[in-house]
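Engineer: Taken in sequence, the protein lines are chains C and L. For the first sequence, the positions run 1 to 579 when our numbering is used. For the second sequence, the positions run 1 to 680 when our numbering is used.
Bear in mind the hints are in silico, worked out from the structure with no lab data behind them. Treat the hints loosely; a few may be bogus.
[To be verified] With a straight-line Cα cutoff of 20 Å, these simulated EDC-like cross-link-like pairs (lysine to aspartate or glutamate) come out:
1) L/K600 x L/E133
2) C/K176 x L/E549
3) C/K186 x L/E549
4) C/K176 x L/E586
5) L/K327 x L/D284
6) C/K478 x C/E438
7) L/K327 x L/D340
8) C/K186 x L/E584
9) C/K186 x L/E510
10) L/K493 x L/D534
11) L/K306 x C/D30
12) C/K165 x L/E584
13) C/K532 x C/E467
14) L/K500 x L/E133
15) L/K497 x L/D534
16) L/K500 x C/D384
17) L/K493 x L/E577
18) L/K500 x L/E394
19) L/K114 x C/E553
20) C/K186 x L/D284
21) L/K600 x L/E510
22) L/K42 x L/D52
23) L/K114 x C/E208
24) L/K500 x L/E425
25) C/K165 x L/D569
26) L/K500 x C/D30
27) C/K186 x L/E62
[To be verified] Quick list of the computed label-pair ranges, beta carbon to beta carbon:
28) C/A573 x L/R150: 27 to 35 Å
29) L/G409 x C/P364: 54 to 62 Å
30) C/R166 x L/E584: 48 to 56 Å
31) L/E395 x C/S551: 32 to 40 Å
32) C/L88 x L/P283: 26 to 34 Å
33) L/L408 x C/E564: 51 to 59 Å
34) L/A526 x C/E169: 56 to 64 Å
35) L/A147 x C/W505: 25 to 33 Å
36) L/E133 x C/G528: 30 to 38 Å
37) L/Q175 x C/E151: 54 to 62 Å
38) C/D548 x L/R399: 37 to 45 Å
39) C/W505 x L/R138: 19 to 27 Å
Beta carbons: idealized from backbone N, C-alpha and C, even for Gly.
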Amino acid sequence: MTMTAETIPSKIDPVTLTVIDNFLTSTCRDMGVTMMRASYSPIFNESLDFSCVIFDPAGQMLAQAEFCPSQIGTIKFTVNWTLDELGLDAFEPGDVLIHDDPYRGSGHVPEHMVLKPVFYNGKIFAFVANVAHMSEPGAKTPGGLSGDATEVFQEGLLLPPVKIKRRGEDVPDIWKIILANHRTPKVTYGDFRAMMASLDLAEARMIELLDTYGEELVRSASAELLAIAERRMKAEIRSIPNGVYTFEDTIEDDGITDQDYPMRLRLLVRDEDIIADFTGSAPQATGPVNAIYAVTASAVYNAFLHLTDPTIPRNEGCYRPFTIIAPPGTIVNCSFPAPVAGGNTETSPRITDMVFGALQHAIPDRIVAACGGTSSPFLFGGTDPRTGDLYAHFHFEGVGWGGRRGIDGNDMVVTINGNCRNTPVEVFETRYPSFLIEEYRLLTDSGGPGQWRGGLGGQRILTVTNEVTVSALLNRMKTDPWGVLGGGDGARGGLWFKAAGSEEWRTFVEAFGTHSPSKFSGIPLKPGDQVKLVMPGGGGYGSPADRDPASIERDIANGFISTERAKQDYGYAAQGWSK
Amino acid sequence: MGDYSASVQVGIDTGGTFTDLVAFDPDSGEISTFKTPSVPSKPGQALLNAIDGAGIPMQSIEGLVHGTTVATNALIERKGARVAFVTTSGHEDIPYIQRINRETLYNLHWRKPKPLLQCRTDTFGVPERLSSEGAELRPVDTDAVIAHCRQMRDQGIEAVAICLLFAYVNPEHEQQVLEIVERELPGLPVSVSHVVAPIWREYERASTTIADAYLKPLMRRYVGSLTESLTTAGLTARWTIMKSNGGAMQAVAAADNPIQTAQSGPAGGMLAAAAMGIQAGHPDLLTLDMGGTSADVGVIIDGEQKHTTAYEIEWGVPAAIPLIDIKSIGAGGGSIAWVDAGGFLRVGPESAGANPGPACYGHGGQRPTVTDANLILGRLDPSYFLGGRMTLDEEASTRVMTPLANQLGMTVVDLASSIVEIANENMASAIKMVSIERGHDPRRFTLFGFGGAGPLHAAAVARSLRIPNVLIPLYPGNASALGMLIADRRVDKIWTKAYKSTNIDAPLVEQQFAEIRDAAIAELRAEGFTGEPDISYSISMRYLGQNYETEVPISPEAVTAEGLAEAYDSFIRVHEEIYGYAIENEVIELVSFRVTASGKRASPRLAVVPESETVPVRGMREVYFRGMGYVPAQVITRYLLQPGTTIEGPCVIEEPGSTTLVEPGMTVNVLEDGQLVISL
C-alpha cells in the first residue's frame with residue numbers, strides 16, 4: 001500500500017512527529033557510528049563509504065542519515081528487488097540477507113547490502129539495511145572497479161539476495177563461498193560483522209520506539225512523514241518555472257575503446273511533476289562506465305534533493321514526483337551482462353551535474369557549475385610482506401566544486417554522489433605497504449575562472465615501496481568540468497607514471513600500452529616507481545570580468561591562482577587592471 | 001565574610017559578562033557567593049575584583065580553581081595569533097584539504113570551513129620523513145627549517161604549530177624541528193603535535209595543534225599577568241584552571257596547553273548540574289546555562305555527563321581534546337536585538353558583553369538587549385540587580401528600544417516581549433539539537449536552569465519543549481563556579497605504543513604503566529593533593545585491522561606480565577557487549593595505555609535552610625506575560641524560603657546572583673536542600 005499526499009492519516013501532534021522522525025534519523029546515524037567503529041577497512045572506518053537506512057514492509061524508505069547520496073538513491077531499488085524476489089513470507093526473525101547483484105537492483109558489485117527484518121508482535125514492522133562499498137569484492141583485479149572489464153562477471157562475486165544468517169544463526173555455506181572468493185577474507189569477515197552489528201542496533205532501537213509509542217502511532221507517523229515529504233517536494237517543484245530544459249555531456253572513452261559516449265537529458269518541468277528523459281543517449285559502452293537504471297534514477301533524485309529545501313524529511317516521499325525515462329541498452333540503462341562499476345562512481349555525478357546544467361537559466365541562484373565529476377577510483381593490491389596476507393584497497397579523491405551565485409566553489413571535496421572522507425596519510429601508510437605519499441596538495445589555477453571561481457582540484461604523488469598491482473577508473477581527463485553563465489571551465493584531471501630512476505612523467509598508455517589513460521586494470525608497479533593523481537577543479541560561475549578585485553588579490557596572496565592566470569583569465573595585473 | 005583559617009576553597013568562573021565566585025570553608029561548612037562584572041579588556045581583573053569583593057583574604061585561600069572563557073572567545077571570534085604551520089614537505093595543504101566530506105548532504109551553498117591560519121603562505125614544508133613504524137626515511141633538513149624561521153619572522157608570525165607525519169609514533173623529528181625553532185625564534189610560542197594531541201590522523205592532530213598555538217600567546221599573557229597579580233596580593237596557594245574534561249590543571253600548565261581550556265567554564269556548570277540533579281532526585285537533566293553572552297546546553301543521563309573528544313571549533317575544524325559534551329549558542333542576557341535584511345526581528349549572536357553591557361547598565365549601551373527587554377517586562381527589579389549592588393536604568397532600556405519598535409511598527413512592550421520569545425525559541429532549538437536530534441524525548445527530562453539568566457527563562461523554554469519540570473539549583477548564577485569546587489583533581493597520562501597480543505613486551509608494559517602512574521601521582525602531589533589518590537588503569541584495544549579502539553578498564557592486578565591475558569578476555573567481552581560479536585583467536589592490538597589519578601576533595605554542604613517560618617514576600621510587582629498583559633506577581637526573597645513550601649505562579653523569586661520567574665499556572669516547590677522545582 002502506498003500513502004499519497006491525499007490520504008493523510010490521523011493527525012499526530014507535531015512534536016511527536018518530529019521526535020519520531022528524528023529518532024529514525026538518529027538511529028541511522030548511530031548505525032553508522034557502530035559500523036565506523038567496528039569495521040576493518042579504511043573505506044568504512046575512515047571514508048564512511050556506506051549508508052544506513054530504514055524501510056517499511058512495502059519497501060518505502062522511511063529514514064536515512066548523512067551518508068552517500070548515490071547509495072541512498074539506489075538502495076530503494078535494491079530493497080524492492082529483494083522483497084519482490086523473495087516475498088515477505090520468506091523472512092523470519094533473526095534473518096540477515098546479503099546482496100550485491102547490479103542486475104537485481106544493486107548499484108554496482110562492490111556495493112553489498114545487508115538487510116534485516118524487524119519483527120514486532122509476530123509481524124514484520126520494518127526492514128533495516130546497510131549498503132556498503134566493500135574494498136575487495138573478488139573481481140578480476142584487487143579492489144574491483146577494474147577499468148577494462150567487459151562483463152559484470154569480471155567485477156566481483158555476484159550475490160543474489162541470499163540469507164547469510166537464518167533465525168539468528170550464520171549460514172556457513174554462504175560464508176564459505178564469499179570468503180573463498182574475496183582476496184581478503186579476514187577483512188571481509190570483520191566488515192560483514194560490523195555491518196550486521198549496525199543492523200542489530202537498529203533492530204533494538206526500532207523495538208524501543210515501538211514499545212514507547214505503540215505500533216499504530218509509529219505506523220501513522222511514518223505514513224504522515226512520507227506524505228509531508230511528498231507534499232513539500234511538490235511545493236518546491238512548483239517554484240521551478242515550467243518548461244523543457246536540455247543538456248548534454250560526454251563520458252570519455254570506456255577503457256576498451258577510444259569512443260565518446262554522449263548523454264542527453266531532456267528535463268520536463270510541469271507544475272509539481274518532473275520527467276527526466278535520457279532518450280538519445282549513447283548505446284551502452286563495452287567498458288565499465290555504464291549506469292544501471294537505479295544509478296541513473298538515483299543521480300536525478302540526488303540533483304533535486306540538492307536543489308530543494310534541506311529540511312524536507314529525506315524519505316521515499318521525496319522521490320514520488322519524479323519519472324525517469326532511460327531507454328534500455330544505453331549508457332544510462334545498460335543491459336545484462338554489461339560491466340557497470342564506473343556507472344556508480346563516475347557516470348552518476350555527471351548525470352547529477354547535467355540536471356544543474358539544464359536548469360542554469362531557469363533557477364540561476366540555486367544551481368552550481370560542474371564539479372570535478374570523478375571519484376578518481378584508483379585501486380591497488382598485492383601481498384603484504386609484513387604478514388604474507390593479500391590486501392586490496394579502493395582509493396578515491398576529492399575534486400574542486402563549481403562556483404555558485406555569491407560563493408566560490410569549495411576546494412577538494414568528494415563528488416556529489418558521495419560524502420566520503422579521505423583516508424589520512426597516516427592510516428593509508430600504516431594499513432597498506434604499497435606506497436609512500438610524497439605529496440597531497442591543492443593545485444593552483446585548477447579552479448575555473450568566473451565571477452565566482454570554481455574550487456581547486458589537487459594532486460597526490462605516491463612512491464611505490466613494495467610491488468603492487470594497480471587499476472584505475474578515472475574520468476574528466478579529456479573533457480572539461482564546465483562553467484555556467486559565462487564562467488570558465490575547471491582544469492582537467494590526470495594520471496601519470498614515472499618509472500624508478502626516470503625523470504619523465506608518462507601516461508599509462510605510453511608506459512604500459514593500456515587502451516585508455518584513465519581506465520585500466522592489473523598493472524604491476526615496482527619499488528621506486530611513482531604515480532601522480534591529478535584531481536580536476538570545478539567550473540566557474542558568471543563572467544570572470546565581473547569578479548571583485550579584492551577576491552582576485554586574496555586568491556593571489558593565498559596561491560589559489562597565479563599572477564599569470566590572474567592576468568590571462570581576469571585581466572588583472574599586480575599594478576592594476578591591464579585592460 | 002568572616003575570618004578564615006588557611007583552608008578556604010575558591011571557585012571563580014569568568015564569563016563574557018559576569019565573573020562568579022563561590023567559596024567554601026570546610027572548617028565551618030559555610031558557602032558564600034559573589035558576582036561582579038567581567039572586565040574583557042583585562043580579563044584577570046575581574047577575578048581579583050571577585051576575591052576582593054567577597055572579602056576573602058588571599059592568605060586564607062588553600063585552593064583556587066578558575067574557569068575562563070579566554071580561549072573559547074578567541075576561537076569563536078577568531079581573534080588568536082597568526083600561526084605558522086610547519087609540516088612534512090609535500091603536505092602543507094593538510095589544514096586546507098581537511099577530510100573532503102561535507103557538513104550536510106543536499107546543500108549546494110555550503111562553504112568549506114577555513115583553517116585557523118591567516119594565509120596559505122603561512123604553511124611551511126620541512127624535507128624529512130618517518131615511516132609508519134617511526135623509522136627515519138629522510139633526516140630533517142635543518143637548513144630548510146632555519147630558512148623557514150627567517151621567513152616566519154618576516155611574515156610577522158606570532159606562534160608556531162609543528163605537526164610532522166607519524167610524530168605520534170616517533171617524536172624525534174618534531175623535537176629536532178622544535179629545537180631549531182626555539183633557537184631561531186626565541187620566546188615565540190610553539191605547539192608540537194606529539195605533545196598537544198598524540199593521536200594518529202594528521203588532519204585532526206594538525207588542526208588541534210594549530211588551535212593550541214593560536215591560543216598560546218594570549219593564554220600566556222593572561223596566566224602570567226594574573227599569577228603576578230595574585231602573588232602580589234598575597235596568594236600562596238597554587239592556582240588551577242578548569243579543563244574542558246571537568247578536571248583542573250595548574251595555571252602554568254594551562255598556559256602551555258591552552259586548547260585544553262576551550263570549554264573551561266561550561267565544564268564546571270555540568271559538574272554542578274550532575275551533582276545537584278542527583279541530590280534533588282532528578283538524575284536525567286537537560287541543562288540550560290544562560291549567562292550574559294551565550295547559552296550552553298547539555299544532557300545528563302542518570303547523573304553522568306557525556307564525555308567526548310569530538311570537539312569542533314566549528315564543523316570540520318576539530319580540536320581533539322577530552323571534554324564534557326555541550327553545545328553553545330549566542331543567546332545571553334546581553335544578546336542584541338536587531339532587524340535583518342528581510343525585515344525580521346533577530347536576537348544575537350552579537351552581545352553587548354560586559355562593556356558597554358545592556359543599555360540599562362548605564363555604561364553607554366545603545367542597542368537593545370534581552371536584559372533590557374526583561375527589565376521593561378517587569379521581570380527584573382531595577383533596584384535589586386546583583387543583590388542591590390547595581391541599579392538598572394529602565395528609562396535607558398525604553399530609550400534604546402523605541403527606534404527599533406517604531407521601525408517594526410510595534411509598541412516597546414510588544415517588542416520587549418518578542419525579544420524574550422525569540423531568545424527562548426533559540427534556546428529551545430539548541431536543546432532540541434542535543435535531545436530530540438539524538439533520540440531523547442525532552443518530555444522525559446527535567447530542565448536544569450542556571451547561569452545568571454537561566455532561571456529567568458527556563459520556565460518558558462520548558463513550556464515550549466513540554467518539559468514537565470524545571471530544577472533551579474542553589475546559587476544558579478554561580479553554578480559553574482560551584483562546580484569548580486566539586487571538581488576532583490584529575491590527571492590523565494597516556495602512553496601510546498601499538499602492540500599485538502601475539503607479540504607483546506609484557507615487562508615493558510608493566511614498567512611503562514608504573515612510570516606513568518608515578519608521574520600522574522607526582523603531578524597530583526605538585527598540585528597540593530595530600531590524600532590517598534584513586535588510581536585507575538585502562539588499555540585501548542582493537543581487533544587487528546580495526547581502526548577505532550575500545551577502552552577497557554583493567555584491574556591493577558592485571559597490570560603485570562601474567563595478568564594481560566585477563567585484559568584480552570575483558571576486551572573480547574566488552575566488544576561483544578557493544579557490537580554483538582567476538583572473533584575467536586583473532587589477534588588483538590593494544591594501542592594505548594592510560595592511567596588516571598584522581599584526588600577526591602571535600603564536598604561542600606550543598607544546602608541552605610533558612611530560619612524564617614513564613615513565605616518571605618517582599619511585595620508585589622507588575623510582570624508582563626504575553627496574552628495577559630501586566631499581571632501582579634509576588635516578589636519573594638529566595639533564601640528565606642522554607643523547605644516544603646509550595647507557591648503558585650506567577651511569582652518572581654529573587655537572590656543576589658539571579659532571578660527565577662514562575663509563570664501563571666505553574667507552581668514552585670522548595671526542596672529539603674533549598675533547590676526549587678517548578679512544575680508546569
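Engineer: Look at each hint and say if it fits the structure.
Structural biologist: Status of each hint after checking the structure:
1. L/K600 x L/E133: Status violated; Cα separation ~40 Å.
2. C/K176 x L/E549: violated, 28 Å
3. C/K186 x L/E549: Given that 20 Å is the threshold and the Cα spacing comes to 18 Å, the pair holds.
4. C/K176 x L/E586: holds, 18 Å
5. L/K327 x L/D284: holds, 17 Å
6. C/K478 x C/E438: violated, 26 Å
7. L/K327 x L/D340: With Cα atoms ~25 Å apart, L/K327 and L/D340 exceed 20 Å; violated.
8. C/K186 x L/E584: Holds - the C-alpha atoms of L/E584 and C/K186 are around 12 Å apart, at most 20 Å.
9. C/K186 x L/E510: Violated, at about 31 Å.
10. L/K493 x L/D534: Holds - the C-alpha atoms of L/D534 and L/K493 are around 14 Å apart, at most 20 Å.
11. L/K306 x C/D30: holds, 16 Å
12. C/K165 x L/E584: holds, 18 Å
13. C/K532 x C/E467: Between C/K532 and C/E467 the Cα gap is close to 17 Å, so the pair holds against 20 Å.
14. L/K500 x L/E133: Roughly 14 Å between the alpha carbons, so the hint for L/K500 and L/E133 holds.
15. L/K497 x L/D534: violated, 25 Å
16. L/K500 x C/D384: Within the cut-off at roughly 17 Å; holds.
17. L/K493 x L/E577: This hinted pair is violated, its Cα atoms lying about 27 Å apart.
18. L/K500 x L/E394: violated, 70 Å
19. L/K114 x C/E553: holds, 17 Å
20. C/K186 x L/D284: violated, 42 Å
21. L/K600 x L/E510: Not OK: L/K600 and L/E510 at ~26 Å, beyond 20 Å, violated.
22. L/K42 x L/D52: holds, 16 Å
23. L/K114 x C/E208: violated, 41 Å
24. L/K500 x L/E425: Violated, at roughly 52 Å.
25. C/K165 x L/D569: violated, 26 Å
26. L/K500 x C/D30: Violated, at about 29 Å.
27. C/K186 x L/E62: violated, 58 Å
28. C/A573 x L/R150: 27 to 35 Å: holds, 29 Å
29. L/G409 x C/P364: 54 to 62 Å: About 34 Å separates the Cβ atoms of L/G409 and C/P364, which means 54 to 62 Å is violated.
30. C/R166 x L/E584: 48 to 56 Å: Taking Cβ atoms as reference, C/R166 and L/E584 lie about 21 Å apart, which means the hint is violated.
31. L/E395 x C/S551: 32 to 40 Å: violated, 47 Å
32. C/L88 x L/P283: 26 to 34 Å: Cβ of C/L88 to Cβ of L/P283: about 43 Å, so the range 26 to 34 Å is violated.
33. L/L408 x C/E564: 51 to 59 Å: Taking Cβ atoms as reference, L/L408 and C/E564 lie about 53 Å apart, which means the hint holds.
34. L/A526 x C/E169: 56 to 64 Å: At roughly 57 Å between Cβ atoms, C/E169 and L/A526 fall inside 56 to 64 Å, so the hint holds.
35. L/A147 x C/W505: 25 to 33 Å: At roughly 28 Å between Cβ atoms, C/W505 and L/A147 fall inside 25 to 33 Å, so the hint holds.
36. L/E133 x C/G528: 30 to 38 Å: violated, 20 Å
37. L/Q175 x C/E151: 54 to 62 Å: Given a distance of about 56 Å, which is inside 54 to 62 Å, the answer is holds.
38. C/D548 x L/R399: 37 to 45 Å: About 39 Å separates the Cβ atoms of C/D548 and L/R399, which means 37 to 45 Å holds.
39. C/W505 x L/R138: 19 to 27 Å: holds, 22 Å
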